[in-house]
Amino acid sequence: MRRGAERREGPSSGCRARRGAGEGGPQRSCLVCRRRMEKQRLLRLVCDDEGVWWPDLHQRAQRRGHYLCLQPECLARLSARVARRCFPGEDRTRLLDRIRSVLQRYALASMQRLRGRALPGRDAVMEALHGPAPLLLLLACDASEGLARRVEAALRSQRERQPGSRLVRASSVRELGALFGRERLAVVGWRRDGLVDRLERVLRWQETLEEGAAIHGRDAGLARNRHR
Numbered sequence: 001m002r003r004g005a006e007r008r009e010g011p012s013s014g015c016r017a018r019r020g021a022g023e024g025g026p027q028r029s030c031l032v033c034r035r036r037m038e039k040q041r042l043l044r045l046v047c048d049d050e051g052v053w054w055p056d057l058h059q060r061a062q063r064r065g066h067y068l069c070l071q072p073e074c075l076a077r078l079s080a081r082v083a084r085r086c087f088p089g090e091d092r093t094r095l096l097d098r099i100r101s102v103l104q105r106y107a108l109a110s111m112q113r114l115r116g117r118a119l120p121g122r123d124a125v126m127e128a129l130h131g132p133a134p135l136l137l138l139l140a141c142d143a144s145e146g147l148a149r150r151v152e153a154a155l156r157s158q159r160e161r162q163p164g165s166r167l168v169r170a171s172s173v174r175e176l177g178a179l180f181g182r183e184r185l186a187v188v189g190w191r192r193d194g195l196v197d198r199l200e201r202v203l204r205w206q207e208t209l210e211e212g213a214a215i216h217g218r219d220a221g222l223a224r225n226r227h228r
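Going by the working numbering, the sequence shown opens with residue 1, and the numbers climb by one from there.
Worth flagging that the hints you see were computed from the coordinates, not collected in a lab.
Certain hints may be false.
Stated by the list, open to error - The calculated label-pair distances, taken between Cβ atoms and stated as ranges, are: (1) Arg117 <-> Ser79: 37 to 47 Å; (2) Leu108 <-> Arg77: 25 to 35 Å; (3) Ser101 <-> Ser144: 21 to 31 Å.
What the hints assert, rightly or not - Below are the SDA-like pairs computed for lysine to any residue, each with C-alpha atoms no more than 20 Å apart in a straight line: (4) Lys39 <-> Glu207; (5) Lys39 <-> Arg64; (6) Lys39 <-> Leu57; (7) Lys39 <-> Gln59; (8) Lys39 <-> Val196; (9) Lys39 <-> Arg204; (10) Lys39 <-> Thr208; (11) Lys39 <-> Arg198; (12) Lys39 <-> Cys74; (13) Lys39 <-> Gly194; (14) Lys39 <-> Gln71; (15) Lys39 <-> Gln62; (16) Lys39 <-> Pro26; (17) Lys39 <-> Trp54; (18) Lys39 <-> Arg63; (19) Lys39 <-> Ala61.
All figures in this text were calculated on a predicted structure; none of them were measured in a lab.
The C-beta atom is built at its ideal place from N, Cα and C for all residues, glycine as well.
Sequences are here, hints too, so could you generate the full structure?
Next up, the structure:
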């Protein structure tokens, strides 16, 4: 591909850059819902030489690309027909499975790199939430309701004093435990910086992929019932 080709993509690709007043960086449009936002908040997909579409997490590949916002409602609209039109030669299920796989590998590798800076476990997280530093908190999807309520209450209290902390639900207590050499781990935190922000973005994409799958499955079930 010629240098600068990405800058010449037309409106039909949903990738024209724009810097608006007060915006922090270039804008892109989601290919499915057409919503515009900073491109760093969108997942970029690029097509390889075999015609297979892959996530470009660092948005550096010099190839034709499309952007997805990965909001649950948007993913639900990514029907098999829309997927074939937007990503020629692709199957919706295989495409989303490939995205999940890449995101999972990136998230696991990032958490391994950040392991030495992690705040694993309820006590470490609750103590950090009493401090001023903004945090990224990862709460296992199968964490107990009691722990979830305590963490969320402490998070709300910290946000009243100092905004910036975020909570993401992902993984299981056993998966998190395996990452940190424990049998089970329900919650872990990190003090925020650029690396942690990138991890949060990927974890949120994983979270919304699962939400989008649930919405798609529900809508497909309703459609089948209507045609009976």
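Need the list of violated hint numbers for this structure, in ascending order. Of the numbered hints, all hold.
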